[in-house]
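The listed protein sequences derive, respectively, from chains B and P.
The opening position of the first sequence corresponds to residue 120 in my numbering, with each subsequent residue numbered one higher.
The opening position of the second sequence corresponds to residue 34 in my numbering, with each subsequent residue numbered one higher.
Calculated from the structure, these hints are not laboratory results.
We put the CB at the ideal spot given by N, CA and C, even for glycine.
Misleading hints may appear alongside valid ones.
Pair ranges (Cβ atoms, derived) [stated by the list, open to error]:
| # | chain 1 | residue 1 | chain 2 | residue 2 | range |
| --- | --- | --- | --- | --- | --- |
| 1 | P | E68 | B | R229 | 21 to 27 angstroms |
| 2 | P | H67 | B | R196 | 40 to 46 angstroms |
| 3 | B | E237 | P | T295 | 56 to 62 angstroms |
A few chain B residues facing chain P, derived, Cβ under 10 angstroms [stated by the list, open to error]:
| # | residue |
| --- | --- |
| 4 | A133 |
| 5 | R138 |
| 6 | A142 |
| 7 | V159 |
| 8 | G173 |
| 9 | L193 |
| 10 | E222 |
| 11 | A232 |
| 12 | R274 |
| 13 | F277 |
Per the computed footprint, the stretches of chain P lying under chain B, defined by three or more beta-carbons under 8 angstroms from a beta-carbon of chain B, are [as the list claims (entries may be wrong)]:
| # | stretch |
| --- | --- |
| 14 | 90-103 |
| 15 | 274-284 |
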Amino acid sequence: LSSNDFDQIFEAHAAFVWRCLGALGVRGPDVDDLTQEVFVIVHRRLADLDSEQGVKPWLYGILRRVVLNHRRTLRRRGSRQSPLLEDVPASQFDQHDTLEAQEAAQLLTRVLASMPEEQAEVFVLVEMEQLSVGEVGAALEIPVNTAHSRLRLARARFRAALAERELS
Amino acid sequence: VTRRTGSLDPNDPTRDGEGAEHSADGATHHVVGHELDTAERHFLNRAKAGLSPNGATLQRLRASVEVALERSGPTEQASTARPTAARLTSTTGIGLFLLGVTVGTMGGFYWGVRSQVTNDGAPNTPAPAHDSNKQTEARTPLSENADPSARGPQPTTTIPEVAKSKARNEGSFAATKTAADKGRSVEREPAPPAPPAHPSDEIFLVQRVQRALAQHDPKLALVLLDKLDAEIPRGRLLEERAAGRAIAVCMSDPSRVAATHTRFTLLYPNSVHLARVNATCGTQQQKQQSTQHE
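Chain P extracted, bound-state conformation (with noise of 0.2 angstroms):
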């Protein structure tokens, strides 16, 4: 025997009727009705499968992940690493630019006074370069019980700071191991050989440089462009790719529509897509035209 609570707390989460229920002696029970039975869990299951993707579309699915973060990388690397180049350049670069200008003067100074005052037969060797540091901090007492923060940064922990950055900035999917360990300069591990590309991807990826073009973003249609040319140079939608490459630039290059222009029809002349490159380049054409004449 149970019932239901009718509370009225608006921080109960049952007060909608949904939720627990209350048997009679009191005790409250969550009510999620019955479970599922056999044949109920087996069409679950059927249905589970035909909403799932297959491998190819996994793998497209991987190819578009990847074309959006390589996208958004200069995005992210302005918004994360702005600050760390900023810090690098502002500070690190003065400080170290005052240091070099502080200790070769220092130097020089001491070298040349010293050889003037202590000339006393002994051999006189100049001071390898590294060693002008401690020179400078034995000539000037203060600087030996001055805060090491306050010299500024020192080169050796700067270096690693910066390929740290570089490494946190790499490519998305190739490991990236941070020179920070070794404090020597960042060598990307060589990426495993990519897979043989499937016709399927090459539609897929021109489909979206149709899509970009579309909706008037030529920047994302040529660095699709850009992943074909790369991954599948002889594929079969060549003049597709072609086309989209001329209205892409047309669209996004004005100093280059009239070359494209031409190229393409040189090209294909005959194209289906010939009219629609002459709307976009021809319509760019007569804007600068008409610019000009202004």
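Only chain B is shown next, with the shape it has when bound in the complex (with noise of 0.2 angstroms):
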């Protein structure tokens, strides 16, 4: 694999990247810190890509160890920076998105934080990110049969939340 090959991961894959942390309740600067040492990691990987294996499947791998040692950093430093339970400040959102995507987002991100985090990622890397049920137990190294579990959960969770605005 060249530098080419990054080049056009990158191209690919920064969106998905910059959108997984957010679901992963990180926020503000730290998703541009974030993304930029995913795609240092990769750059240095880059020969471990297993192609039958998928990018994506390889890349969340890569994102959820980053943002576990990332939440590791904040709690030594004692900071109370408790993922997927803050809104996205308006400041994450490009100011080029219609309102209708940026209130869109503000609510799925709220749904993500009223889940536990394990059916949350599955949720988001299935249904936002139509990755496949195997292609998400591959990245989260659990059995297939626990995704599918999981992403049940999280629908009936993520339908009670709409249901729930549409009555409010």
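Make the complex out of the two chains shown on their own, each in a separate frame, by following the hints.
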């Protein structure tokens, strides 16, 4: 794999990494920093990429470890930032997004924050990023049955949250 | 009709109540809930659009990744190229040196003896340098049967090796073609012309400079400032950049504190950043003075 492959991976998947970081509760300038960190690791480990596994599951595996390290650092520093429990600040959205898209994104982050994280990430990967459940199982290193179950529970919570919003 | 599994097997992924269910006929199937309907999917698509970065954000990310890769370049080189460099300098270098000394000595000895013993009137032209190896082998029968690898690495194999390691450690985004295929020196392909810098790039990089300084990382700040000077020489935040550079230099290079401080004060006497520059550079000067007194 060459640097051209790295360029292609960046072009095709930078937005995926950015969105997944947001879905995992990373906020503000940390999204930039962690996206950068993910791609520096990608550049270093390009040779490890298994074409059969697919790029997205591999990327998500890296991203997840980066986020875990980031949280560990925050905990060590005594930061009270709790992932998935904060609203996305308006500055996180691009100004070109429509108000409708911004509202939907904010609502989705609230819904994801109300779920256990293991369910939220399966939901995001399958429903938003269109990965197969098998790929999600590989990315999260969990059995496929567990991924199916988490998806079922996440869908139920998602529906309940949308219904609650409609009622309110 | 379904019933949930109640397995206590720790290896069973459905043990915690997640996963499979069994129908009345005993067949196992996954229960994934209902698929999302059209309205739900539409909502998710809108949310995805809202969470996605736009083109300018992606460009900014790309720039920051490039900076990070440039910065991590020496570290990677140190970790990956050091064995190659060490091997080349220790094994190849010593091997070549010894080979050269041996060949030179033996060749000189051979030609000296030959000119004395076999001087039958024929023109005794000195052999070219590259033939001296063959001459040596001809003089020493043992070397003909010896393992070629025992003679040490040959120059023709080490040059591509050097070129390969050099090319491997070249810039991250530029296409790198090793000279191993060509057997000559590495020539980096000309990079495509960079797109014009956007004002937001300057703001973003200046913010990163400030964060690097806040995290007491003046080296990173200087790398970023160099990048700014190269890519956006006529930006709108020149004063902020000068202040950042002054602070970074004062933090990293004690010998340049006084000059840097004076220069910034002269260039920007009314700068809003003067207090910060004074604070950093003044503290460093005081430290220097106290150490001199001691």
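For each hint, the structure was consulted:
Distance hint check for E68(P) and R229(B): the Cβ-Cβ separation is about 23 angstroms, which falls inside the suggested range of 21 to 27 angstroms. About 43 angstroms separates the C-beta atoms of H67(P) and R196(B), a value consistent with the hinted range of 40 to 46 angstroms. For the hinted restraint 56 to 62 angstroms between E237(B) and T295(P), the CB-CB distance of approximately 58 angstroms keeps it satisfied. Look at A133(B): its Cβ gets to within about 6 angstroms of chain P, closer than 10 angstroms, so that hint holds up.
Hint on R138(B) holds. Least Cβ distance to chain P is approximately 5 angstroms, under the 10 angstroms limit. The restraint placing A142(B) at the interface with chain P holds, with a minimum CB-CB distance near 7 angstroms, inside the 10 angstroms limit. For V159(B), the suggested interface contact is upheld, since its CB lies about 5 angstroms from the closest CB of chain P, less than 10 angstroms. A least Cβ separation of about 19 angstroms between G173(B) and chain P goes past the 10 angstroms threshold, and the interface hint is therefore violated.
The interface hint given for L193(B) is broken, as the beta carbon of that residue sits about 14 angstroms from the closest beta carbon of chain P, more than 10 angstroms. Among the interface hints, the one on E222(B) holds; its C-beta lies about 8 angstroms from the nearest C-beta in chain P, closer than the 10 angstroms criterion. Interface restraint check for A232(B): the shortest CB-CB distance to chain P comes to about 13 angstroms, outside 10 angstroms, so the restraint is violated. With a least beta-carbon distance of about 4 angstroms to chain P, the hint placing R274(B) at the interface is held under the 10 angstroms criterion.
Hint on F277(B) holds. Least Cβ distance to chain P is approximately 7 angstroms, under the 10 angstroms limit. Evaluation of the coverage hint for the stretch 90-103 of chain P: fulfilled, as 9 residues show C-beta separations to chain B shorter than 8 angstroms, against a requirement of three. Counting residues of the stretch 274-284 of chain P whose CB falls under 8 angstroms from any CB of chain B gives 0; the rule of at least 3 is not met.
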